[in-house]
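Novice: Below, each chain spelled out in residue letters.
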Amino acid sequence: MEPALLQADQLPTWTALAPVLALAVTGLLLLVIDSIDPNDTRPTLLAGVGTVGALAALGLAGWFLSAGTGQPSTNGAITLYGDALIVDGMTLFFQALFASVTALVVVASYDYLRGRAYQAEFYALMLFAATGMALMAAANSLAVAFVALELASLPSYALVAFLKRDTGSVEAGLKYFLIGALSSAVFAFGISLVYAATGSLLLPDVYEALAGDLTGLTGVAGVGILMVAGGFAFKTASVPFHFWAPEAYEGAPAPVSGFLSSASKAAGFAVAFRVFVTGFPLEAGVDWVLLFQVLAVVTMTLGNFAAATQEEVKRMLAYSSIGHAGYALIGLAAFTGAAGGDVLGASMAHLLVYGFMNTGAFLFVALAEHWGVGRTFDDYAGLASKAPVASVAMSVFMFSLAGLPPFGGFFSKYFLFMGAVDAGFWWLAAVGAVNSALSLFYYSRVVKALWLDDAVSEFELGSTPTALYAAVVFAALATVLLLPGFGPVIETAQSAAAAIVP
Amino acid sequence: MIIEALIGVTFLAALVVMLAPDEYAGKLAFALSLLPVAGSLWMWAGFDAGGNALMAGSIAYQTQLDWLTVAGYDLQWFVGVDGISLPLVVLSTVLSSLAIVSAWTPIDTRQSQFYGLMLFMEANLLGVFTALDFFLWFVFWEAVLVPMYFLIGVWGGPRRKYAAIKFFVYTNIASLVMFIGFMALVFNLPVSSFGLPEITQALQAGKLSGFVGLDPATLKLAAFTAMFAGFAVKVPIVPFHTWLPDAHVEAPTPVSVMLAGVLLKMGTYALLRFNFTMLPDVATRPLVATVIAAVAVVSVIYGAMLALAQQDLKRIVAYSSVSSMGYVILGLIAYTGLGIGGATFQMVAHGLISGLMFMAVGVIYNVTHTRMVGDMSGMADRMPVTVGILVAGAFGYMGLPLMAGFAAEYFIFQGAFASTVIPSAPLFTAASMFGIVIVAGYLLFAMQRTLFGEFSLETDYEVRRAHFHDVAPLAVLLLCTIALGVAPNIFFEMITDAIEPVVAVVGGGA
Amino acid sequence: MVPPQYYLVLAAAVFCIGVFGLLTRKNALLFLMSVELMLNAANINLVAFSYYWGNVTGQTFGLFTMALAAAEVAVGIGIILVLYRNFKDVDVTEAATMRW
Amino acid sequence: MAGIFDFAPAIVLLPFLSFLIAVGTALSGRDLLPKGGAIPGIAATGGSLVLSVAMAAAVAGGEVYDETIYAWAAGAVPGSEGLELTFGVLIDPLSAMMLVIVTLIALLVHVFSLGYMNDDGQTGLPRYYAGLGLFTASMLGFVVADNLLMAFMFFELVGLCSYLLIGFHFREPGPPSAAKKAFLVTRFGDYFFLVGVVAVFATFGTAQFVGTESAPGFPVLAEQALHGEFTANTFLGLGPQAWFTVVGLLVLGGVIGKSAQFPLHTWLPDAMEGPTPVSALIHAATMVAAGVYLVARMYGFYAVSPTALGVIALVGGFTALFAGTMGVVKRELKQVLAYSTISQYGYMMLALGAGGYVAATFHLLTHAFFKALLFLGAGSVILAMHHNENMWDMGGLKDKMPVTYYSFLAGSLALAGIFPFAGFWSKDEILFETLVHGLGGSPLLLLGYAFGLLAVPVTAFYTFRMVYLTFHGEPRTEQAESPEPVRWNVKGPLAVLGVLATVAGAVNLAPVAVLTGAHVDFLHSWLDGGFSALTVHHYEEIDPYASAYLGGEVTTVLLGAAVSLGLALLGLGLAYRLYAVPEPVEHTDKLGSVKGLLYDNYYQDEYQVYLANRVVLPLARAADTFDQGVIDGAVNAVSSVSLFSGSRIRRIQTGVVSNYAALVTLGLTALLVVFGVLGGWLL
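Residue numbers (this note's numbering), protein chains in the order written: chain A, 1 to 502; chain B, 1 to 510; chain C, 1 to 100; chain D, 1 to 683.
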């Protein structure tokens with residue numbers, strides 16, 4: 001009975017938005033709980049609720065995915081509210097991703113926030129941001145894309161600046177916010193230009209209009225498309241809108257960095273994939289494949305090269321996150337129309353694996369911050385002898401980020417490169433290869449510090465934060481298991497991606 | 001299912017050892033490592049496949065399960081062995097076991113991690129030699145790097161971190177280059193999976209189509225070049241060899257044994273499987289063949305000359321590995337039964353002999369704490385048995401008849417001399433053969449200065465006799481080397497059986 | 001009726017003024033205001049072309065944009081407050097402890 | 001063909017077994033066997049000797065044997081012809097004779113070692129006897145090899161054993177160095193040999209010496225190829241004749257190395273660092289003999305190549321004279337003998353090159369006896385002298401050790417070529433063959449003859465200089481005054497060899513046969529039996545030489561013998577004049593500037609050491625510098641450049657948010673312009 005359960009004719013169609021709703025409701029619920037007795041922080045309850053909400057969203061998304069909701073196996077994509085929202089395989093895939101990362105980060109934050117004020121607000125903001133991301137994945141209109149993007153961004157600004165007595169956090173928040181505001185203005189202006197050229201904000205209509213005769217508005221559309229791309233570039237931390245990322249990730253509380261660099265980035269890609277593939281035909285004014293090729297090459301190169309010489313682990317991860325944005329951009333950069341679903345799917349799969357390994361890496365940094373270990377590579381020296389399990393997990397993340405087996409990052413990265421070669425852009429893969437080798441260098445510096453170097457000074461780590469540990473270990477397990485279990489991921493991603501290619 | 005059991009048991013053993021207490025880890029690891037040894041010997045005993053696995057020959061112990069589908073291609077769990085891979089499987093298990101024993105003395109910290117990683121590496125090596133699906137193979141191929149990085153980086157010498165990272169990054173970038181080259185081929189073939197047999201057969205049926213403006217012939221050349229460069233680092237072929245001496249010098253003895261004994265063979269194995277089996281028409285172009293033969297000769301002579309200039313015993317053996325691998329390349333490009341067969345045989349032979357040499361040097365190092373030629377002399381006086389075996393091994397390295405090295409080198413020379421693929425084959429062959437003189441030169445000089453003469457030692461360590469468990473692996477390796485030299489058909493017959501179709505494609509002779 | 005190109009030019013001009021302000025002001029609040037200008041440039045386009053195309057999509061979206069702009073300012077002011085608390089200034093160039 | 005030949009492999013395996021036993025003893029580290037493992041060795045070589053004699057008897061009965069007994073890597077390539085890489089046993093007159101020589105000398109050396117090593121209280125005896133056993137086994141394997149590859153393999157094993165035995169006293173500085181040199185120099189020759197083996201296989205598809213009727217061995221195939229009856233694969237665009245010459249000369253490389261011919265002779269004098277019985281074995285029967293034996297073994301192949309023969313003859317003749325002159329000034333007993341060995345093998349090479357197959361074999365036989373005798377005698381003296389080898393410290397030993405003296409004297413007379421000792425007959429035949437073939441239209445051989453003839457007085461001179469200095473006159477040191485007595489195990493072998501050195505010439509009294517017409521050239525008839533392609537008359541048919549005489553054949557015989565004997569006596573007489581005095585002095589100063597040249601062996605060692613130390617080693621160091629600097633430098637430069645650019649790129653991130661905004665704007669503008677132009681809607 002299960003496969004047919006969620007078909008559009010058996011459940012009201014709005015239920016297809018259940019993952020989004022689950023996240024939104026949880027966020028509200030957290031505020032309600034907090035408002036009952038604002039002076040009692042009740043960390044366990046808050047984190048518990050947040051986790052349950054995120055897991056519920058994950059469960060719903062997973063269930064829908066396996067049941068075929070919005071996918072070709074049933075009746076195809078479900079559109080809602082005047083086609084402004086869409087639920088299909090890609091939506092659900094990304095929602096599952098956001099929910100997983102959110103769950104991880106919420107669990108980890110339990111220990112990270114211990115003894116701090118405004119916990120309920122923290123969790124609520126996080127869930128609202130997740131709601132925004134989930135909505136981004138479901139956007140079928142530029143308006144929804146913009147609103148959802150802002151819904152994801154505004155809580156994020158607050159989250160980054162959450163440690164309001166910490167100059168780093170505040171500075172990070174400020175930079176993130178200012179560049180974010182600039183980008184959203186660019187984004188909005190771009191949308192307005194696209195609207196000016198096409199007369200619609202709904203992606204299918206835009207596609208049709210752009211594919212048709214634009215009667216002298218080609219330039220307007222072109223500028224619009226480029227500016228829209230700029231908006232996404234901000235969200236995905238791609239060059240040239242990446243400037244906020246190193247500082248924001250470095251200054252923000254580590255769980256937030258993980259959340260932003262994985263989920264938020266993936267959300268940017270989710271909406272970018274949909275908007276560009278279903279909204280902007282390849283021949284409309286701007287050769288956006290070429291655009292993304294340029295962005296991909298510059299982004300991965302800049303991210304990786306800058307990461308190579310960092311002294312602080314967290315900042316290195318920040319730059320590496322930019323580098324990975326460059327890899328993921330290959331999904332669009334090697335998009336070739338009809339067969340583009342493969343590389344797009346590879347990119348999606350990479351983002352999913354990245355969600356686990358990168359979040360895990362930042363959560364390890366959170367763990368280190370929790371212990372009061374310093375921030376630089378040298379400070380991590382010899383940590384493995386004191387915290388072997390976490391260090392194994394961190395090594396797993398690092399190697400997986402570098403694309404080594406037997407970890408999930410191996411497949412996802414190589415399938416991306418493979419997609420690029422398949423599309424004929426072997427040079428794109430070659431640039432990726434150079435960057436990948438360089439990334440191996442700096443990722444292994446972490447491993448080297450943990451395992452190979454001897455501790456400079458003796459110190460005690462203190463307590464073992466159970467929840468944080470659990471989150472780190474779980475992320476590591478997922479990263480490992482995503483190698484043998486990569487089949488469902490890549491197959492789902494590629495079929496979902498293939499479904500949106502017009 | 002025997003291959004799955006083999007790999008699975010080894011992985012499991014790695015895990016168990018990793019969790020075992022340090023005191024017992026070494027013994028436990030050895031005991032557990034006997035399981036894959038037994039398994040591989042059992043496979044060998046029951047082996048009766050003929051032909052080349054990639055070229056429609058029968059594949060022994062095959063399993064083929066769909067794993068996942070990516071971009072419309074099936075990626076399978078596809079393993080099996082033929083006459084080329086089985087000897088290497090046996091070599092891997094045996095050498096791993098012996099390397100573990102040889103670690104008992106020198107490894108005195110974090111033992112359980114060390115042995116766990118050794119077994120983990122072994123499991124991946126087995127995967128490399130049995131996988132018949134490209135991605136499956138590639139997973140194992142890359143996974144070998146991870147334990148190696150730690151093994152060098154944690155337990156190595158003073159510059160271990162530099163050596164580990166150099167090895168790590170260098171070989172990784174090579175894999176990426178190779179990957180791109182191979183993918184460019186696969187995507188222009190009408191195949192539905194990454195199964196190596198399917199790809200090989202499609203290539204040989206001439207089904208390759210053009211790609212980004214390249215016609216099939218040019219595409220093949222480009223892919224060949226990329227793959228060759230990629231594997232050349234692993235082998236390593238001059239001028240991509242500089243990571244090897246660093247890695248060897250810093251690595252602890254058992255790791256050097258594995259590195260020289262098995263890891264280098266991954267490169268030549270891959271060259272044989274990919275470049276020379278899949279793209280014979282590129283390899284046999286006169287210009288390509290000339291370049292490869294020249295590179296082989298340079299590797300042999302230049303590597304040997306470098307060995308001549310070294311003072312560190314391990315560095316000597318390391319450079320001589322570069323030299324020996326040059327022979328393998330020469331044998332491969334010869335495209336004759338004896339040439340390629342000899343090259344494959346050399347993989348096994350060199351695995352045994354270089355393992356023996358590194359182990360013997362390690363045993364001496366255990367008691368002297370130096371490997372520098374000038375720091376000691378007259379070691380034969382204090383460690384007669386070890387030195388005796390070392391001398392025997394050194395002569396094996398020099399290609400003494402009735403030891404495996406001679407057989408391999410002779411097959412290669414004989415195969416290469418009459419090669420119709422290499423232009424002026426006799427000259428190239430004769431040039432590379434001069435390596436046998438230089439190898440004798442540097443080994444004899446080093447032995448004279450360290451092993452013979454009046455005993456003296458620069459370091460302040462009390463020289464004691466080696467333990468039985470230090471010497472026993474040496475003896476086993478020596479006996480294996482002699483057995484293979486006296487009766488090369490132990491492996492050679494099945495190797496040539498699997499080589500024959502490769503040679504037949506080119507139309508080369510014996 | 002005013003041709004739509006004029007609106008485009010106007011919007012572009014407003015947008016560029018916003019960008020100019022953004023690039024030249026160090027004060028966080030002025031920075032914020034510049035961004036508002038840029039958003040309003042978008043609104044001009046939206047409203048104008050809503051009229052041009054004869055649908056209300058643009059106008060509706062314009063409303064959304066304004067609301068979001070307000071929300072953004074709210075968050076922004078909050079961040080500027082903590083900025084002031086930490087750096088004793090609202091000069092955005094002061095907050096430059098993290099770089100490279 | 002059953003019968004005695006089925007035991008042929010046992011000839012090789014018995015000494016090998018004794019090797020295994022000795023190795024086992026050595027490994028046990030305990031004194032498991034009496035006499036340090038000598039007994040198994042003696043038993044094994046004795047057994048081999050008996051079997052060899054039985055083989056010889058069977059061969060005398062007209063039987064021969066050529067069987068493949070082990071497929072080393074045969075038929076390995078289905079679908080193509082494949083190469084048969086096999087081990088086989090070939091017993092024919094030549095190998096049967098050689099078997100007897102080797103086993104006999106080996107047995108005597110084993111027995112002698114009881115006296116030289118055991119009684120002298122040496123340590124490491126199991127290792128010593130293991131080496132001897134393996135040495136003997138390897139040489140026997142080489143002798144019975146029925147194809148070139150197998151021959152090469154055992155040839156190399158012989159080299160290994162020489163390394164092990166020369167370096168027996170590894171705690172001293174000299175022996176390991178000498179051992180290394182011996183292996184390295186012969187390895188250099190073997191390199192060419194190995195190329196030759198490979199070339200033979202590639203050319204003919206077989207390396208059998210004899211083969212069968214349908215698949216003949218490569219010497220026969222070469223002959224057929226030159227007659228156009230067989231198509232051999234030639235390489236490098238050479239015709240069959242030229243290619244065969246090249247191949248022949250390649251194989252000759254190994255011969256020159258092992259038989260210590262110029263210019264690869266330098267290892268042999270150094271090899272005197274080994275125990276004296278080992279020197280005897282090396283010089284008389286095993287290692288050095290292997291080279292010459294190899295040429296004789298595949299003589300059919302060389303016979304078809306005049307150029308190769310010419311090279312062999314000249315190298316041999318030159319070496320004979322060249323080495324002899326160096327022997328004149330040496331002070332150590334064994335050094336003199338070493339140079340005499342080089343010189344004598346030069347004679348054999350000369351004979352082979354000059355078409356004197358029988359003469360060379362004959363000299364190989366007689367030389368084996370008298371040289372073994374001389375070395376063992378020298379060993380006896382050295383033992384008596386407490387390992388002092390300097391002849392100037394001896395003198396007057398004649399009366400104290402008569403057995404040694406008389407046997408040594410017999411050997412010396414043979415070496416000097418004095419009638420009627422064995423050496424006279426064989427050396428005379430060599431010179432005779434060279435002369436008549438040289439007169440018969442090969443003037444180059446006359447040069448070889450001149451070399452050989454000049455070497456005769458030199459040989460006689462240094463031989464008797466040695467005899468007089470050692471045994472005659474007054475004792476010059478205390479050690480010589482009261483030499484250590486030696487026992488039966490030393491005297492026994494000396495006696496046996498003394499007899500042989502005296503009478504062995506009788507096996508081939510070729511001059512007598514010419515003079516009287518009686519068939520007393522037994523060795524000639526012996527070697528003319530067996531496989532038809534391996535017979536003397538077959539070789540005479542195919543070799544490029546014709547004979548011519550001065551006057552008649554008889555005249556030439558008598559004239560040649562008279563001249564060589566006269567010259568020998570001349571040399572002997574000079575030695576007598578100078579050194580057979582109560583208190584002899586060195587006369588080397590009279591040589592003037594030549595003295596230094598001779599002492600320093602014509603700087604042969606110097607230039608070879610120079611090549612190694614001043615050319616090869618700096619080249620290796622330069623390569624190392626290049627490797628570390630340029631190649632590895634390039635690798636590291638890539639990483640440094642990457643990291644440097646990384647450290648530059650990160651500077652973009654200035655930390656000032658206004659700059660970020662500016663850069664964002666700039667970036668966006670740049671994109672707009674570029675893509676606007678590309679898209680055709682801007683400008």
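To be clear, the hints were calculated from the coordinates, so they are not data collected in a lab. Bear in mind that the values here come from a model prediction, so they are computed numbers and not experimental data. Mixed in with the good hints, there may be bad ones.
To be verified - Beta-carbon label-pair distances, calculated as ranges:
| id | chain 1 | residue 1 | chain 2 | residue 2 | range |
| --- | --- | --- | --- | --- | --- |
| 1 | A | Leu-28 | C | Gln-5 | 39 to 49 Å |
| 2 | A | Arg-116 | C | Ala-74 | 20 to 30 Å |
| 3 | C | Lys-88 | A | Leu-28 | 34 to 44 Å |
| 4 | B | Glu-458 | D | Val-581 | 36 to 46 Å |
| 5 | D | Thr-625 | B | Pro-158 | 51 to 61 Å |
To be verified - On the chain A side, residues computed to face chain D include the following (Cβ under 7 Å):
| id | residue |
| --- | --- |
| 6 | Leu-226 |
| 7 | Gly-230 |
| 8 | Thr-309 |
| 9 | Ala-467 |
| 10 | Ala-470 |
| 11 | Phe-474 |
Stated by the list, open to error - To spell it out: a stretch of chain A is covered by chain D in this simulated footprint if at least three of its residues, at any positions, have a beta carbon under 8 Å from a beta carbon of chain D; those stretches are:
| id | stretch |
| --- | --- |
| 12 | 44-58 |
| 13 | 243-254 |
| 14 | 444-458 |
| 15 | 491-501 |
Beta carbons: idealized from backbone N, C-alpha and C, even for Gly.
Novice: State for each hint whether it applies.
Specialist: Okay, the hints, checked on the actual structure:
1. The hint said 39 to 49 Å for the Cβ distance between A/Leu-28 and C/Gln-5, and at roughly 46 Å that hint holds.
2. In this structure the hint that A/Arg-116 and C/Ala-74 lie 20 to 30 Å apart at CB holds, the actual value being about 23 Å.
3. Between C/Lys-88 and A/Leu-28 the C-beta distance comes to about 37 Å, which sits within the given range of 34 to 44 Å.
4. Take B/Glu-458 and D/Val-581: their Cβ atoms lie about 53 Å apart, and the range 36 to 46 Å is violated.
5. In this structure the supplied range 51 to 61 Å is violated for D/Thr-625 paired with B/Pro-158, their Cβ-Cβ distance being about 22 Å.
6. About 6 Å separates the beta-carbon of A/Leu-226 from the nearest beta-carbon of chain D, less than 7 Å, and the hint is met.
7. At a threshold of 7 Å, the smallest CB-CB gap from A/Gly-230 to chain D is about 5 Å, leaving the interface hint in force.
8. The beta carbon of A/Thr-309 comes within 4 Å of a beta carbon in chain D, closer than 7 Å, and the hint placing it at the interface holds.
9. With 7 Å as the threshold, the beta carbon of A/Ala-467 stays out of range of chain D, its nearest partner Cβ sitting at about 33 Å, so the hint is violated.
10. About 34 Å separates the beta-carbon of A/Ala-470 from the nearest beta-carbon of chain D, more than 7 Å, and the hint is not met.
11. Violation of the interface hint for A/Phe-474 is found here, the shortest Cβ-Cβ separation to chain D being roughly 33 Å, above the 7 Å cut-off.
12. With 0 residues having a Cβ less than 8 Å from any Cβ of chain D, the stretch 44-58 of chain A misses the three-residue criterion, and the hint is violated.
13. Counting residues of the stretch 243-254 of chain A whose C-beta sits closer than 8 Å to any C-beta of chain D gives 4, which meets the bar of three, so the coverage hint holds.
14. Taking a C-beta to C-beta cut-off of 8 Å, the stretch 444-458 of chain A contributes 0 residues in contact with chain D, too few for the three needed, and the coverage statement is violated.
15. Chain D is given as covering the stretch 491-501 of chain A, and this is violated because 0 residues of the stretch bring a CB closer than 8 Å to a CB of that chain, at least three being needed.
Checked against the numbered hints above, the structure breaks hints 4, 5, 9, 10, 11, 12, 14 and 15 and satisfies the rest.
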